[in-house]
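Asker: As a plain string of letters, each chain reads:
Protein chains: 2
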Amino acid sequence: RYSDGATYFDMGEHTLRVPMSLHAENRARLVARLKEMIGEGKLNAGSAVLLQGGSDVQRDATDCTWVFRQESFFHWVFGVLEPDWFGVIKVDSGKTTLFCPKLPQDFAVVMGRIIPPEDFKTRYQVESVCYVDDMPEVLGKMKPTTLLTLKGVNSDSGLTTREAHFDGIDKFSVNNSILHTEMSELRVTKSAAEIEVMRYAAMVSSEAHCAVMKHIRPGMYEYQLESVFQHHSYYQGGCRHQAYTNICGGGVSGAVLHYGHAGAPNDCIIRDGDMCLFDMGAEYYCYASDVTCSFPANGKFSADQKMIYNAVLAANRAVFDSAKPGVKWDDMHELSYRVMLKKLKEGGLLTGDVEEMIKADIGGVFQPHGLGHLIGMDAHDPGGYLPSCPPRPTKDGFNKLRMARVLKHNMVLTIEPGCYFIDVLLDRALADPKKSKFIVKEELERFRGFGGVRIEDDVVIREEGNDLLNKVPRTVEEIETLMAEGRQEIVSFPHAEGKHSSQR
Amino acid sequence: RYSDGATYFDMGEHTLRVPMSLHAENRARLVARLKEMIGEGKLNAGSAVLLQGGSDVQRDATDCTWVFRQESFFHWVFGVLEPDWFGVIKVDSGKTTLFCPKLPQDFAVVMGRIIPPEDFKTRYQVESVCYVDDMPEVLGKMKPTTLLTLKGVNSDSGLTTREAHFDGIDKFSVNNSILHTEMSELRVTKSAAEIEVMRYAAMVSSEAHCAVMKHIRPGMYEYQLESVFQHHSYYQGGCRHQAYTNICGGGVSGAVLHYGHAGAPNDCIIRDGDMCLFDMGAEYYCYASDVTCSFPANGKFSADQKMIYNAVLAANRAVFDSAKPGVKWDDMHELSYRVMLKKLKEGGLLTGDVEEMIKADIGGVFQPHGLGHLIGMDAHDPGGYLPSCPPRPTKDGFNKLRMARVLKHNMVLTIEPGCYFIDVLLDRALADPKKSKFIVKEELERFRGFGGVRIEDDVVIREEGNDLLNKVPRTVEEIETLMAEGRQEIVSFPHAEGKHSSQR
Ligand SMILES: [Mn+2]
Ligand SMILES: [Mn+2]
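Protein chains in written order, with the numbering used here: chain C, 328 to 831; chain V, 328 to 831.
I should point out that these hints are in silico values taken from the structure, not numbers from a laboratory.
Check each hint, because a few of them may be wrong.
[As the list claims (entries may be wrong)] Derived pair list, reagent style DSS-like, types lysine-lysine, alpha-carbon separation capped at 27 Å:
#1 V:Lys-672 x V:Lys-727
#2 C:Lys-429 x V:Lys-768
#3 V:Lys-727 x V:Lys-651
#4 C:Lys-478 x C:Lys-672
#5 V:Lys-541 x C:Lys-727
#6 V:Lys-764 x V:Lys-672
#7 C:Lys-369 x C:Lys-470
#8 C:Lys-429 x C:Lys-541
#9 V:Lys-727 x C:Lys-541
[Unchecked claim] Stretches of chain V that chain C covers, calculated by requiring three or more beta carbons in the stretch to come under 8 Å of a beta carbon on chain C:
#10 461 to 472
#11 501 to 507
#12 519 to 532
#13 640 to 652
#14 731 to 745
#15 781 to 795
#16 808 to 814
Predicted model only: the values in this text are computed from it and were never measured.
Glycine residues also receive a C-beta, built at the ideal position from the N, C-alpha and C atoms.
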């Protein structure tokens, strides 16, 4: 809810007030950078940025739409949460013009009061708001020397952004080659206002994870805990969207990295003795959180579960303590492998020299994913592999990293080491003498079907010490205490009395 | 969860088991119809149906996807809930071949066990399953005289279905002109198996609506009730998707027909004295429900609320009692206007002859939408305006109808009369002497800001008497009783103690 008098957005007095100045500040950062480029002779004076917002997405050919979610680059500069808008920023003056769709009178019957441009101008705190229909004329008068449009490839999806387009754009000189890199780089470090929104999203997720840990009982279906999480995020925190598809793996499902998709939709029964790996994150005002909690379904860690859990926790903490501006992310990735492998060796699962293990990519056998990723408006925020950044490492165990950059002050990223027992990877490693010599086979067999552990935090890299945005129980003791508390309450679930199928 | 031994789908023992034979029956109906067309010389012997399933939909250029939901026509014939499949049915033999994507070995790490085609063959109960990669070769050997593909316009969205395509399809003779009409017409009447799935979805929605009515307290935000509904649908009913964007209007929001969209996202506070209009429907196994409940936020109808509510209820019941095979849907629409306007006249809001009111489109002033729509896999199921059907009426008050067909046995549709107080429509009517003479202005003014009432049921049209799929309290007494029961429980919500903004 935008408060048109006070220029903020919230979802009620129990939720975070986001000031519209967040976007003014983002625009100022963008304009400052583009002026720098003009100074450097890389861009014409008189240029203007032109962005096109997202449109509603239909389910196939039907009239059912996904609940609209604004395109992230557009939201970053303008803060508009509705479909079919455009926005222009003049680089010289920083003046912003938004373009809203002109809605027919009868729209009011179906969609509610039609807000006039003047009201939008106050709401979004911009210099002017016009109709999209009038954009060719307004831009014609504005006479930008160049229109900067957004075209670039997302390094996580491989998809290209939708470039702004309108009938008549061919009358302008368009440059689509610089904006994506510059905006992506600006999005990599977050402003104080952005960090507060991300902290809120992470706190909502934290509380929702705690609600799940208290609510869970063996015999429930995984998706029922997904439902508890989503309900808590929305009802308590005002988060209508989740930042990504929730991963709720019980037991062996925890070893499927992207569990929760349509082919494995969190639909297994959670059994007594299972380890759970729940990777779920709420989104507030288009800012993501991405938090993973791992815990035993029955509330008490077994000795094996504790050993694995503490190995991952040690890796998580070591990285949190070492990650700071100037440090290379791939070095942190290696550090997490080093710490975890050492602990697994102490636990009797591995044998031999840890540095040799790293060279043989034993890390990648147990954690076949990168240590973490940039996070912001998107759970996997852009900017990991921009042209100016180190390219994706090619080395085994490092090539899955979503970035290999040097850390900067106010970067926000996830630290998410994990340890998984994935049959196909274990079998491959056991069949490879260079790897199998490090593995204590007799011990390992006991862990088949264990699933996995991941401990994922959302962290702001700071000169003065990192800022942990989420707050969930992390030590074995903290988790067992919270879960014991949850066990005090009687929880009934629909099939609690029924027979449980043992099929997975 | 598909049970590969027993050939059904469910989301646990507390949810409905859907037999895979549902799709075999749909395929048999399709093949029978196409054979008929071969007999009539309208289609070549040796033809085959080729359908392409849905693909994952990304949020803009990011790697975040909407939770996959299968394209409805594809699901109707095959029952496959995963992306990127194709399917072929030979018309002469009815033999079905499914084509699944060939996934790389490492997919198992990220997405889980790779299911081999033989297992899919058992799961989906089809004659064979091959890889999509092999489709050109397999089809080449099959030598269909014609490939029938799906191309047609959805009359609710105006969008065209995505026609099946693969590299090499140009080597086949393709006919895209008949399948959409034939499949749409088949989808209009539901099989017994389909009706049971729809009954289940409607029952989940019914129970979720009851949970909302019990939970609601003035001072809550509308979206908090949306969250309660979604949680109940998913946690209790196994419904991961909703059938459409939920409409949760308190007070004046109830007069916005598609309230709940991004520009009006169920974000107002519900006040004591407000009428609520909650239009929410869970989806199970890609079958929709679409149920609207209207009730007073505080659990007790005022005299005015009761009068409006009972006018709408009378219209709903009159249609339920009169709608049967052979009846024209636009006549039912007129009947609902007749009954409602008569009641509004008795309530003192209108004056004059009811038949004259209908001619002057007073109906459209208070209910500016159609009486209801086909429902099935889509909330607005296709088939309303096929070439063989009566075209969209042009008359004011009737032109919003989503169909104007003659009812048939086993059609499933919504009956959803409503009465809304929409300023723009009231002002227009008062300014028009042909309309204003029927309106008792002094009485009407009291209802400004009232919002609206809609009573929406999901109904199977049957020769032997209609089958009501949902089960929610409908009379004033039933609603007040249920809500009083809910009031026995203490409900705390995050801002219950805070000051409430009066702003809407
Ligand atoms: Mn993550
Ligand atoms: Mn409806």
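Asker: Each hint: holds or not?
Answerer: Hints and how they fare:
| no. | hint | result |
| --- | --- | --- |
| 1 | V:Lys-672 x V:Lys-727 | 24 Å, holds |
| 2 | C:Lys-429 x V:Lys-768 | 32 Å, violated |
| 3 | V:Lys-727 x V:Lys-651 | 21 Å, holds |
| 4 | C:Lys-478 x C:Lys-672 | 48 Å, violated |
| 5 | V:Lys-541 x C:Lys-727 | 49 Å, violated |
| 6 | V:Lys-764 x V:Lys-672 | 13 Å, holds |
| 7 | C:Lys-369 x C:Lys-470 | 19 Å, holds |
| 8 | C:Lys-429 x C:Lys-541 | 49 Å, violated |
| 9 | V:Lys-727 x C:Lys-541 | 49 Å, violated |
| 10 | 461 to 472 | violated (count 0) |
| 11 | 501 to 507 | violated (count 0) |
| 12 | 519 to 532 | violated (count 0) |
| 13 | 640 to 652 | violated (count 0) |
| 14 | 731 to 745 | violated (count 0) |
| 15 | 781 to 795 | violated (count 0) |
| 16 | 808 to 814 | violated (count 0) |
Checked against the numbered hints above, the structure violates hints 2, 4, 5, 8, 9, 10, 11, 12, 13, 14, 15, 16; every other hint is satisfied.
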